[in-house]
Amino acid sequence: MPSFKLPFGRARQEYPPNLWTKCPDCAEMLYNKQLDKNQRVCTRCGHHFRLRADQRIAQLLDRDSFREQDANLESVDMLGFVDQKPYSERLAAAHAATGSRDAAVWGPGTIAGTRVVVCVMDFAFMGGSMGTVVGEKVTRAAEHALDERLPLIIVASSGGARMQEGTLSLMQLAKTCAALGRLGDGGVPFISVLTDPTTGGVFASFAALGDVNIAEPKALIGFAGARVAAGTIAEELPEGFQRAEFLYDHGFADLVVPRAKLRETLLGLLRYMKPSAQVERAGQNGSSPLGRSAQLFDELIRREPTHG
Amino acid sequence: MPSFKLPFGRARQEYPPNLWTKCPDCAEMLYNKQLDKNQRVCTRCGHHFRLRADQRIAQLLDRDSFREQDANLESVDMLGFVDQKPYSERLAAAHAATGSRDAAVWGPGTIAGTRVVVCVMDFAFMGGSMGTVVGEKVTRAAEHALDERLPLIIVASSGGARMQEGTLSLMQLAKTCAALGRLGDGGVPFISVLTDPTTGGVFASFAALGDVNIAEPKALIGFAGARVAAGTIAEELPEGFQRAEFLYDHGFADLVVPRAKLRETLLGLLRYMKPSAQVERAGQNGSSPLGRSAQLFDELIRREPTHG
Amino acid sequence: MVEQRTAASVAVVEPTPDELRSAIWARVQQARNVKRPHTLELIQSIATEVIELHGDRLFRDDPAIVGGFCRIDGRRAVFVGHQKGAETDENIRRNFGMPHPEGYRKAIRLFRLAERLGLPIVTFIDTPGAFPGPASEERGVAEAIARAIMTMCGLRTPIVTVITGEGGSGGALALAVGDVVLALENSIYSVISPEGAASILWRSAEYSQQAAAAMRLTAAEQLALGVIDEVVPEPPGGAHTNPEETARRLRARIAAHLDALAGRERKALLDARYARYRNMGEFAIAAESGEAQPQRPGLRARIRRVLDAGRNALVGGEGETNDPTADSTDEADVQRTGEGS
Amino acid sequence: MVEQRTAASVAVVEPTPDELRSAIWARVQQARNVKRPHTLELIQSIATEVIELHGDRLFRDDPAIVGGFCRIDGRRAVFVGHQKGAETDENIRRNFGMPHPEGYRKAIRLFRLAERLGLPIVTFIDTPGAFPGPASEERGVAEAIARAIMTMCGLRTPIVTVITGEGGSGGALALAVGDVVLALENSIYSVISPEGAASILWRSAEYSQQAAAAMRLTAAEQLALGVIDEVVPEPPGGAHTNPEETARRLRARIAAHLDALAGRERKALLDARYARYRNMGEFAIAAESGEAQPQRPGLRARIRRVLDAGRNALVGGEGETNDPTADSTDEADVQRTGEGS
Ligand SMILES: [Zn+2]
Ligand SMILES: [Zn+2]
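Protein chains in written order, with this note's numbering: chain A, 1 to 308; chain B, 1 to 308; chain C, 1 to 341; chain D, 1 to 341.
Hint data in this document are derived by calculation from the structure and do not stem from the laboratory. Even glycine gets a Cβ: it sits at the ideal position worked out from N, Cα and C. Misleading hints may appear alongside valid ones.
[To be verified] Distance condition first, Cα-Cα at most 25 Å in a straight line; then the derived SDA-like pairs of lysine to any residue:
no.: 1; chain 1: A; residue 1: Lys218; chain 2: D; residue 2: Arg304
no.: 2; chain 1: A; residue 1: Lys261; chain 2: C; residue 2: Arg300
no.: 3; chain 1: A; residue 1: Lys85; chain 2: D; residue 2: Tyr207
no.: 4; chain 1: B; residue 1: Lys274; chain 2: D; residue 2: Ile303
no.: 5; chain 1: B; residue 1: Lys85; chain 2: C; residue 2: Arg300
[To be verified] Chain C is nowhere near these chain D residues, computed Cβ spacing over 12 Å in every case:
no.: 6; residue: Pro17
no.: 7; residue: Arg21
no.: 8; residue: Ala26
no.: 9; residue: Glu41
no.: 10; residue: Leu58
no.: 11; residue: Phe59
no.: 12; residue: Gly74
no.: 13; residue: Pro101
no.: 14; residue: Arg105
no.: 15; residue: Glu143
no.: 16; residue: Ser199
no.: 17; residue: Glu206
no.: 18; residue: Glu230
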């Protein structure tokens, strides 16, 4: 149990942590049920707590409209990566702690009846880091959106590429950007929602490329860690560096939207961001070269010898 | 005859101005024949004197390869514009002083045998200002380049849009940019050569849009006059403000090329900048909607009643 | 000097040069009136829904240019416009409607977004010009304007433009390339500010009124020149006296043009836009002897007469068929350019 | 721990972990050697003509990324690459090969120019990573990288990429999306610098060598993973000992790939490029019971063996068929990925 300083000298037992959460911004003790009811936004200072993928989906999509796809994808340790622990142990621990198989969830759903494809990242699973599974889910979401001509919404929350998969994680930047490029060429819109934190290789790939980018208030959004940025050059970091509002001022976010308004904002945008009736560029259009989502991909896999 | 301070106290009659020119940068007295032989670049400090259109063409193109088109276009005073003098008088005076009908010359020619379309502005005619005639010539050059699939080279030298034609001059920005847009969509390259000075509406239209932009050393190139820029905000102008090298540092010129190397540089670029064999975008491609250069335009004119 | 003159469909008392200059200058002042409804106020009145978008994805969100999604009588569109502020603080924040390059790059981004989404574009023009300071030059304001103009010329979606206040030079045109260009009655459109023209051509800013008159910058004159296609009359006293009525009139005309353009085949739309600008301006063709022959004989004289008619309207000449100050209902209150007017 | 192991086509003495770490770290130091030929030196040796172009048309010409036209054995192309300096002053001017956003935007401009002119693209990768300072963040370095990657993925012209030195993270990948990705033998390619990985995963930069080994960042291992397609051997002692020979080998391989790609139909080219990245990485599919089934059974084991083979080569294992340190002639000195190697 983490120890924390209690306000007003109240005794620790007044706030059992299974019932109460302390706001990291204003130190207010928040009753968990109340916090959940307020979409996990501090009722005192407006601090936006991080959400699990299922919480985010429940807040954004119509009840019971979401159909998760590819829930059974799991990361594998291709490199035999060992740092202080083997990667495979980290994966197992993250699975045990979160109940999730990896750091992203995707599927079709509806927002006030409007059909969309949604992919939501989950910071709780290994810091939302993007390895092959996250890259695969983002890509399948984009390919499905293109095939079905449905708007794509991705909610990012990630520390960046997953180091334990090495350059295979790095290649997910190209994989996801390639899919988004085809989505855009096909005239299907993409809304990127950047939440706390969105950094590194996730910000430097799909999360930056929304036709419209929305950020949650005060979310940390940046390329390099602030320590790295400050360490690289011997100067003070500007006020609000790498926060959502900084991003907005510098032209990289269209809107900074409090969580309470996010669903309504998306709904508003979706009235304008409909897949175009006709496809623009010849040669770049339509279905992914891998066919309806993963069909051909499955075929490619089948062509692999089943034993090495 | 302008009076000027002579260096080294030599008597004025030593330098009759029809034989000698004073360098505005280093004050050296330059013998005109020598100056012409050196492409009108100061032999002492490298100052690039402004060129007349015919001088520029003689320096860049193969001897006798240039075929001027539309030499007979003349500006008309649509607005009845009178400032300190009527526009029509200014036009007549400029014609008398320069022997030119307006501030641009265009036609096909060759550079070391490579066929190109060239348009050269002439600062001597009303400060190289762009009215309808200049806009028309730039546009016809671009349309001809597209129709014939020949690279386009425009040498700019202009104070900007011609005020005496009011918004009709302003509309030349759109006319020329539209033609360049079609040229680019058609896969035909455009090299913009920016010379002293290239400012205002000429820099804010075709001259900025080269696939490759080349500037002559120290040429004044900017949007607003430096006095305006300094006056608008109470601050010192940066060193070298609005000069070719400033443009280069800020990413708007590919190369700053001394006049002695310009022809050779163009020739080098032309080896790579060939019109593409195939046209990229459907619906944007090929011939201008006005047909081979001005054919349909002539037809439009013919549809106008011949008497008002 | 009062002179009577007769010409086809124009028969009015000509104003004196002083009357004319005063009348034109009054228009300039109306166009610049800080109380005049600016882009955000207009679009909020014109549209039933507005969602502003931000940022050029390159450097900064420029408050001097605004844009986003809007719904005009059920029609979905992307709007973009210059933004001045009505109050001093706001005006400073908006840089008096003078964009930096990032403003034009934001506009280009929104134009491309509209194209990708298949939405038409409505732009509102109201700027003294692009900001001419060092920061603006450093970041390439000329390039940004040129790029915006070229982008609009080739944009594969309909564009309706409205000059609402000051149409100042390239900084205005960078948002004003349209399939149809409307103008509010008291708006102005010019290649350079009257002050700028005066200081260059007369070598003194004191001649601003003369310059304004010489440049024919009023909406009525721009209509005669064919630079704009329609003048939308303002309520008596000017747009700021009744912003709702101004918005209502604009809404009707914008909606009508959006509907007309929506049906156009894309190539025809682009070719017509190209031709619109391709034919701007006039020149003569010199004969071999060196004497100039007008390119379109008689056209110049014709345009001069129309210009004069527009000019007379400025000082309230009576009995004219095309008095742009007349207040009337939506369809009738519009003057169309062309042979018939 | 020395252990003997037999597997199909791989039968070598495994190095100790210490030997391995030292060997890998030697590669890292080779890749970072300031005397190593950088992009401009390489292209000037590889090509018979180089015309450098400059500027992003937005903000600044970034000296950390260079590009322009070049002619390689008669083949016209556009080259783009990271640029470090060999001397300190030059290295400072080049920001140690760490680009700001404007560098990537210059690259995007040149990529689009190549596409418009129908020229193939050759890129050279040699950066510790994009510059992480405040100015870089302010101007959106992440957006610039993402945009460059997306642009390269859809570029309708062939792309040959060469990792020549340090392939550092997203800042490297932003120029490294290719139809064919080559790597010089002593180059490295990683998702984060070894120092960065160590300070995050081991919480101390002292573990950089461990991190380097764990990430499998050597060219030989990247070949085994399929991230690169070919390793181009360097002259004995490394590229900097004989830049001309290094350039000669690169020229031959680049030319061969340009020729092979030139004949590709454009849609096939783009689909193959898409598939190349689409298939990067590996995952398993969990059964209903919750136990994971490998997605491509046996592949992981197979790749591990190939990785190990590459690893052994690092410390000079003998008798291997795919020793990337072996010096030989152009065609033979290349290892191809795939089933056969
Ligand atoms: Zn709080
Ligand atoms: Zn000199």
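These are the hints, each one checked on the structure:
1. Lys218/A with Arg304/D: violated (43 Å)
2. Lys261/A with Arg300/C: violated (58 Å)
3. Lys85/A with Tyr207/D: holds (14 Å)
4. Lys274/B with Ile303/D: violated (45 Å)
5. Lys85/B with Arg300/C: holds (20 Å)
6. Pro17: Given a closest Cβ separation of 46 Å, the condition holds.
7. Arg21: The assertion about Arg21/D holds, with a minimum of 43 Å to chain C.
8. Ala26: holds (41 Å)
9. Glu41: holds (31 Å)
10. Leu58: Check fails; 6 Å does not lie beyond 12 Å.
11. Phe59: Per Cβ check, Phe59/D is inside 12 Å of chain C; nearest 6 Å; violated.
12. Gly74: holds (35 Å)
13. Pro101: Since the minimum Cβ distance to chain C is about 8 Å, Pro101/D lies within 12 Å and the statement is violated.
14. Arg105: violated (8 Å)
15. Glu143: violated (6 Å)
16. Ser199: holds (31 Å)
17. Glu206: holds (40 Å)
18. Glu230: holds (36 Å)
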